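Assemble the complex: chain F is given as a structure, and chain G must be docked to it using the hints.
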Amino acid sequence: MTFPESNDRRKKIGQAVMFGVSKGISYGIVALLFLILFFIIKQGIGVISWEFLTAMPTDGMTKGGIYPAIIGTLYLVGGSMLFAFPVGVMAGIYVNEYAVSGPMKRFINMMTNNLAGVPSIIFGLFGMALFVNQMGFGASILAGSLTLGLLALPIVIRTTEESLKSVDDTFRQASYALGGSKLYTIRKVVLPIALPNILTGLILAVGRVSGETAPILFTVAAYFLPRLPNSIMDQCMALPYHLYVISTSGTQIEASRPIAYGTAFVLVAIVLIVNILAALLRNYFGKKVKMN
Amino acid sequence: MSNKIETIDVNLHYGDFHALKDISLGIPENSVTALIGPSGCGKSTYLRLFNRMNDLIPETRITGKVLLDGENIYKIKATKIDALRRNVGMVFQKPNPFPKSIFENVAYGLRVNGITDKSFIEGQVEKTLHQAALWDEVKDKLKKSAFELSGGQQQRLCIARALAIEPSIILMDEPASALDPISTGKIEDLIFELKSEFTIVIVTHNMQQAGRVSDYTGFFYLGSLIEFGKTRKIFTNPSKQETENYISGRFG
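Protein chains in written order, with our numbering: chain F, 1 to 292; chain G, 1 to 252.
In case anyone wonders, no lab produced these hints; they're calculated from the structure. If a hint is listed, it holds; no wrong ones were tucked in.
Derived lysine-lysine pairs resembling DSSO-like cross-links, with alpha carbons at most 30 Å apart:
id, chain 1, residue 1, chain 2, residue 2
1, F, LYS165, G, LYS94
2, G, LYS21, G, LYS75
3, G, LYS77, F, LYS182
4, F, LYS188, F, LYS165
5, G, LYS80, G, LYS65
6, G, LYS144, F, LYS287
7, G, LYS118, F, LYS188
8, G, LYS21, G, LYS195
9, G, LYS100, F, LYS287
10, G, LYS127, F, LYS182
11, F, LYS188, G, LYS141
12, F, LYS188, G, LYS80
13, F, LYS287, G, LYS141
14, G, LYS118, F, LYS182
15, G, LYS230, G, LYS65
16, G, LYS94, G, LYS195
17, G, LYS100, G, LYS186
18, G, LYS144, F, LYS182
19, G, LYS143, G, LYS94
20, G, LYS143, F, LYS182
21, G, LYS80, G, LYS118
22, G, LYS65, F, LYS182
23, G, LYS143, F, LYS287
24, G, LYS139, F, LYS188
25, G, LYS139, F, LYS287
26, F, LYS165, G, LYS143
27, G, LYS139, G, LYS186
28, G, LYS21, G, LYS240
29, F, LYS287, G, LYS94
To be clear about the criterion: a stretch of chain G counts as covered by chain F if any three or more of its residues have a C-beta under 8 Å from a C-beta of chain F, and this derived list gives those stretches:
id, region
30, 44-56
31, 74-85
32, 88-95
33, 108-115
34, 155-164
Here the structure is a predicted model, which means the values were calculated and not measured. All C-beta atoms, glycine included, are put in the ideal place defined by N, C-alpha and C.
Looking at chain F on its own, in the form it has when it is part of the complex:
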């Protein structure tokens, strides 16, 4: 049998075009990312100083530092994780280890996915309705943390579930075969193996939460509060919201431009550091649990 040579040529050209296009697109995306980073670093780095990181904002937020916003963001991230991590991990354990396969489990999974897709402003409104008004927390770190925690919940649940799913079943069986109960097995065998991946999920959630503006808009964020919060019932400033107000509704938007870039720089730096930390932590625990 003879095959037409033209067909071989056509295949070659088709491949070259297809790969060329997808290669160009992926390089373009990387370039775009670097462009954004470069832009923020270039505009922001000049503003960064010890004073900028540790001083209160002054002169209608055109001078001084962003210390309360940094601290506020740290409080909110910490508070939201304090809520989302235990709740999310427990939900993930239930879904993967206890829930019986069937319509109910599929429904839970579908709802978790849907929750992840809810726009963050909706979380903000919901948080205001439930935590601020209904439960009477007022605009406070508590209300803001809980709202951000809800936003982070699906991420923690899904990564926990996926991490547990990847634990080989013979580990569980080996524990049961020694007379181990399900709970003991999960605590002593399954969770330690899954931990590196669960932690990665947690830190990715931190990255997500630290940059959110909409959920804190009505629940905690203070427009201008040049002092540190006194308690979890206090309002606080936060980096993304600070950036938003001095870019859109400050008294002197032009004058506070450098501060805005500096804030953006700090925010991006925090998210970047958190992501690098995630990678390191994953490697560290991954090595500890590695199978040969």
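The following block gives chain G in isolation, referenced to the frame of chain F:
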């Protein structure tokens, strides 16, 4: 020699799949019994009857009797299942030590069953590692992670882990199939050593291995027990044609 385990007319279904068909068989005490047969023939499923591991799989139905020391283990109370599993140790196909130190791996079965006496645990760990012929290789690194051991050492550690709670039966599900020939040899020597104290049931794909280590052999095919008897007889003069075909390598 009396039968340690006996199954009478056992049938097992996974959903619609009839995995074990009318299996009646007695496994003698303090001996090694090999279960052989092609993949999917039911030999692993049969092995997992004895510590009720099949219970974990949804939609499993079991009929017939599984007697262990004369007691039907499918008629015991749910609270007695842990005690059953303490009495029936299990070693798996792939070495699967827990993500803990070598010491803690062996101590796991003691701790999970509520033993806290530190010196007792230490003594038991040392004794069991000796039994599993692993002590000399690990005595200086008991605190090190079990994952630092070689595959063969990990498997002997898993055997030690099973022995630590002093079962009377050990189930082995292709314990050497993931190991190199030298490690396999060590496991086989160990099986030979252990049979004076334990009743061992081993599932294996490796015909030579069954011939080397076992006293009795059962040949499974398509969920049925085709033939059971002394290993020497099964391997030299089987009474069924299917057995002879399988052992001579004509299928499977």
